[in-house]
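**Student:** The residues making up each chain are set out below.
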Amino acid sequence: MKDTRELIEVATQVRRDIIRMVTNAASGHPGGSMSSADILTALYFNVMEHNPETWTREGKGQDMFFLSAGHISPVYYSVLARTGYFPVAELNTFRKFGTRLQGHPSVRKGLPGVHEPAGSLGQGLSVAIGAALAKRLEQDPHTVYCLTGDGECEEGQIWEAAMFAAQHKVDNLVAMTDWNGQQIDGRVDDVISLGDLPGKWEKFGWSVIVADGHDMEAILEAFAEAKRRQGAGKPIIILFRTDMGHGVDFMAGTCQWHGKAPSKEQCEEAMKQLKETTLGDF
Amino acid sequence: MRYTNTGNKDTRSGFGAGLAEAGNRNPEIVALCADLIGSVKMDAFVKEHPDRFFQCGIAEANMIGVAAGLALSGKVPFVGSFANFVTARVLDQIRQAVSYGNTNVKIAASHAGITLGEDGATHQTMEDLGLMRMMPDMVVINPCDYNQTKAATIAAAEYNGPVYLRFGRPSVPNFTPADQTFEIGKAWVVEPGNDVTIFATGHLVWEALQAVDQLKEEGINAELINIHTIKPLDEEAVLASVKKTGAAVCAEEHLVAGGLGELVSGLLARNEPAPVEFVSVDNRFGQSGTPAELMTAYGLDAAHIVEAAKKAISRKR
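Line order of the protein sequences matches chains Z and L.
Letter 231 of the first sequence, counting from 1, is numbered 233 in the numbering used here, and no numbers are missing.
Letter 305 of the second sequence, counting from 1, is numbered 779 in the numbering used here, and no numbers are missing.
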């Protein structure tokens, strides 16, 4: 458990990790990784009940996290490493031949912390619901978390999952959306608008929380509120308002950095903006 | 003939009976269905274990994902629907969440093949064996009758890993032993012979059995092997038989593309070159009709197998 100031410092380090990993690999997806960095830092350091030492793919006796938007693997790997699932130095191997840190998360390389592969969008929420049902069957009181992108919500399977979870009252599940408003071809509103996103989820029978995904206090409060709402017969979703590329001025608020690596010079510029932390780089 | 028809039954009911029995034995088994409980014969399981059944509605993509989540958490989920809706419709979900994820999901596919009959081409799934065979680590099973489908269902439940289990709608001869043990990947020599090998799968095993009798009357000794497991293929059994007979026929209710014929031919080409004749629906869509009409029209009945066997023998060098 960390205080807010410490969490902000970790999130800054996570963003440094993201930029350095993607630059090092000369490929990858920094935009959504940066917009999700504060959310996942809060989740893994302060919210989830989990233990890297006793973690298993089955996830029994712990909270579980599913990344549905598999392309934002840099933020996922950084947070996993920084919470002790594997050595921080391994972040150097991201996307390199033979790595456990595949471009999109895999369960075939023995990487601790990953329950299920992701990459093809729209699938993770269904899988997380299945894991939540298993916990219910086993009377395991832990929570299942799942993060999707907002562009990802254009996939029909998300709404199949939404209806299913409401019907089966999956109330030990907290879904989250990185609502950054951007996707590869432009603004979500210009590609296929999601319209009234909170309203959609409410009409689908979910308990909806909207929060600022870059305000650490607000993030923690949103998770606390989600905790309070659990067990009430409704699945819960937190829609986190975010900016793609948040934390580096030339990357923020545009879809241009969805899946592009910075040059060495751009990486150096980003490192100036994201101040060094006491955690140190990988 | 060593096997006789003990009375027509549908293979899907064999699945239903197998699921109920496996479900009683193993409390980790759960079931999911996409609005087809009665058609897929999940009724008994649903009745006995309502807490372990999840109705998914007409939303198969989500069903596959939920099953994967249950499986990675230690459950043994069976998902049931019509063959098209749990293969082609959700191929990407199966590829990522089940095959790549290597989750212990059992895909139970009913109403497969042209013998679905009157529903017509949209529902007559004949690509599924090929699609599922292409998924790494997926076991693909296509049993031949009620008893074998029941035994295969129990074997699939006991096996740890993804399984595709194909069965059908019509009542067909039930001729394999009720007390059989189903061994995944172990081909079954139904009739021994020396002149030609007939590799048959699913409903066509019974047709092939009739063909063997007809061939016998003409002085031809055909060996009949039931390839109930398409993947992993019992390569040893296939090669040993063709080494002996020198010619093969592959009979299946499937397209040529991705089917048993291509599979066996590829194996023989690499190891034991021999003439192979294909009894299949070629690469065509089906149409409405009775199962018997369609079997004849699409060249899948015993008469066509007999012709194919003779042709294969005539092509021996």
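It is worth saying that the hints were derived from the structure and are not from the lab.
Just to be clear, a hint being listed does not mean it is correct.
Simulated restraints on C-beta separations [to be verified]:
#1 L:E709 - Z:E271: 57 to 63 Å
#2 Z:R189 - L:T770: 56 to 62 Å
#3 L:R744 - Z:F99: 50 to 56 Å
#4 L:T596 - Z:D217: 32 to 38 Å
#5 Z:M165 - L:G763: 33 to 39 Å
#6 Z:R231 - L:L741: 54 to 60 Å
#7 Z:E204 - L:R744: 57 to 63 Å
Don't be surprised by glycine CBs; every beta carbon is placed ideally from N, CA and C.
**Student:** Indicate, hint by hint, whether the structure satisfies it.
**Tutor:** Hint check:
At about 59 Å, the beta-carbon gap between E709 of chain L and E271 of chain Z stays in the expected band of 57 to 63 Å. Checked against the given bound of 56 to 62 Å, the beta carbons of R189 of chain Z and T770 of chain L, roughly 59 Å apart, stay inside it. In this structure, R744 of chain L and F99 of chain Z break the distance hint of 50 to 56 Å, their C-beta atoms being roughly 29 Å apart. Between T596 of chain L and D217 of chain Z the C-beta distance comes to about 52 Å, which lies outside the given range of 32 to 38 Å.
A C-beta distance of roughly 37 Å is found between M165 of chain Z and G763 of chain L, which places it inside the suggested range of 33 to 39 Å. At roughly 57 Å, the beta-carbon separation of R231 of chain Z and L741 of chain L lies within the given 54 to 60 Å, and the hint holds. Judged by the Cβ atoms, the range 57 to 63 Å given for E204 of chain Z and R744 of chain L holds: they are separated by roughly 59 Å.
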